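Each chain, letter by letter, is given below.
Protein chains: 2
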Amino acid sequence: MTEIDVKQRILAANEAAAAEVRARYRGDGTLVINLISSPGSGKTTLLEKTVARLGGRLRLAAIEGDIATERDADRLRAAGIPARQILTGGACHLDARQVQGALADAAFPPLDVLLIENVGNLICPTSYDLGEDLKVALLSVAEGDDKPFKYPAIFSRARVTVITKVDLLPHVEFDIAAVKEQVSVLNPAGRLLATSARSGEGMAEWCGLLEELLAAKRAART
Amino acid sequence: MTEIDVKQRILAANEAAAAEVRARYRGDGTLVINLISSPGSGKTTLLEKTVARLGGRLRLAAIEGDIATERDADRLRAAGIPARQILTGGACHLDARQVQGALADAAFPPLDVLLIENVGNLICPTSYDLGEDLKVALLSVAEGDDKPFKYPAIFSRARVTVITKVDLLPHVEFDIAAVKEQVSVLNPAGRLLATSARSGEGMAEWCGLLEELLAAKRAART
Chain A
1 MTEIDVKQRI
11 LAANEAAAAE
21 VRARYRGDGT
31 LVINLISSPG
41 SGKTTLLEKT
51 VARLGGRLRL
61 AAIEGDIATE
71 RDADRLRAAG
81 IPARQILTGG
91 ACHLDARQVQ
101 GALADAAFPP
111 LDVLLIENVG
121 NLICPTSYDL
131 GEDLKVALLS
141 VAEGDDKPFK
151 YPAIFSRARV
161 TVITKVDLLP
171 HVEFDIAAVK
181 EQVSVLNPAG
191 RLLATSARSG
201 EGMAEWCGLL
211 EELLAAKRAA
221 RT
Chain B
1 MTEIDVKQRI
11 LAANEAAAAE
21 VRARYRGDGT
31 LVINLISSPG
41 SGKTTLLEKT
51 VARLGGRLRL
61 AAIEGDIATE
71 RDADRLRAAG
81 IPARQILTGG
91 ACHLDARQVQ
101 GALADAAFPP
111 LDVLLIENVG
121 NLICPTSYDL
131 GEDLKVALLS
141 VAEGDDKPFK
151 YPAIFSRARV
161 TVITKVDLLP
171 HVEFDIAAVK
181 EQVSVLNPAG
191 RLLATSARSG
201 EGMAEWCGLL
211 EELLAAKRAA
221 RT
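For the protein sequence lines, the chains are A and B, in the order given. My numbering numbers the first residue of the first sequence as 1 and each following residue consecutively. My numbering numbers the first residue of the second sequence as 1 and each following residue consecutively.
If you're looking for bench data, these hints aren't it; they were derived computationally from the structure.
Copies of the same chain look alike in the list, so a pair counts if it fits in one copy or across any two.
Derived EDC-like pairs: lysine to aspartate or glutamate, alpha-carbon spacing no greater than 20 Å straight-line:
| hint | residue 1 | residue 2 |
| --- | --- | --- |
| 1 | Lys49 | Glu173 |
| 2 | Lys49 | Asp74 |
| 3 | Lys49 | Asp146 |
| 4 | Lys49 | Glu211 |
Fair warning: this is a prediction, and the values are worked out from it, not measured in the lab.
Make a model of the complete structure from these sequences and hints.
As structure tokens, this is what we get:
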């Protein structure tokens with residue numbers, strides 16, 4: 001069996017598990033989000049602030065992917081929602097079977113939105129469908145405005161790109177218009193939001209978008 | 001052949017190529033550095049500033065790894081040194097055979113220091129020896145001070161950790177002492193530097209360390 005055969009077999013097994021996750025949440029209309037970014041772009045912080053704004057009226061839960069440490073799930077539980085950590089033990093992305101295992105172990109109550117935070121990596125998670133409704137790519141302004149063209153796969157596939165840490169814009173070189181241009185080339189239908197968890201800028205738009213996507217999924221069911 | 005067999009075969013082939021790169025540069029005493037970090041931690045900028053400080057007295061060249069775009073090699077050539085881009089076409093790390101191919105194509109003149117900038121990824125590059133003398137891990141203060149324990153493999157193996165963008169410290173939550181503590185647990189012999197390419201802080205120490213390592217390699221040869 002060649003290297004390519006092995007990769008294809010792994011991806012086929014992942015697709016089967018992803019289809020099961022998707023079927024499970026199609027029935028009850030839970031919106032499932034797969035958040036992907038570099039380490040330190042602010043995924044966990046975005047989720048903490050999302051819980052603060054939406055936790056009172058939507059039923060949220062989180063699955064947190066990491067190489068090591070339970071830190072992120074602890075942070076989401078402290079924010080007030082059920083959360084399950086997946087430790088990949090070195091692997092550079094989550095896969096759908098790990099998500100199935102986490103869902104079985106966590107036994108979350110009925111949900112409106114399931115938030116899956118992938119391992120911090122702008123490359124490997126892109127290839128693995130977790131059964132989500134959409135991928136969300138995060139890009140912090142501290143990372144530089146050349147990243148969409150340098151990491152085109154994720155910015156092509158993410159229905160939403162969230163620029164984070166815009167409170168740092170006065171202190172870094174980052175041209176939001178350049179990022180919009182790159183994302184519009186890679187993904188003409190993609191949405192782009194500019195946010196700061198610290199100042200709150202863009203957080204109402206982000207939370208509004210989640211509610212809009214949830215309503216659209218539920219409307220499509222009927 | 002199982003998935004594990006394939007992975008082991010790939011790593012064995014990589015080790016063989018890495019040994020050839022290492023032997024090539026043992027003979028002429030060229031110091032070879034493998035820089036690893038998240039996307040946007042400032043690897044290319046650190047190299048540009050290194051060229052500005054050391055390019056006058058050391059013979060430098062760069063191999064730049066990326067998924068897509070020739071941008072980084074262009075930046076290093078503009079800084080004044082020969083540079084060769086390796087486009088991985090989606091792969092999440094460089095491997096030693098790609099480095100061999102780039103060296104054959106580039107036909108660099110005799111060098112003092114070969115700077116290899118890996119693909120922006122804090123996970124996958126860690127497993128692939130490129131024939132370097134040492135790995136250098138970069139961590140920007142915008143990424144957060146919890147990263148060494150979250151990505152322990154690279155911070156265990158990097159002989160040097162360079163904290164970058166310390167000019168942003170007044171604007172972010174980042175405790176350098178916490179990072180030092182984590183790195184000292186993972187890698188008791190590791191060196192740690194705090195730098196800002198923008199303000200120049202720590203750049204003399206970084207360049208001095210490269211010269212010290214180069215001198216040590218040459219002294220060991222004799």
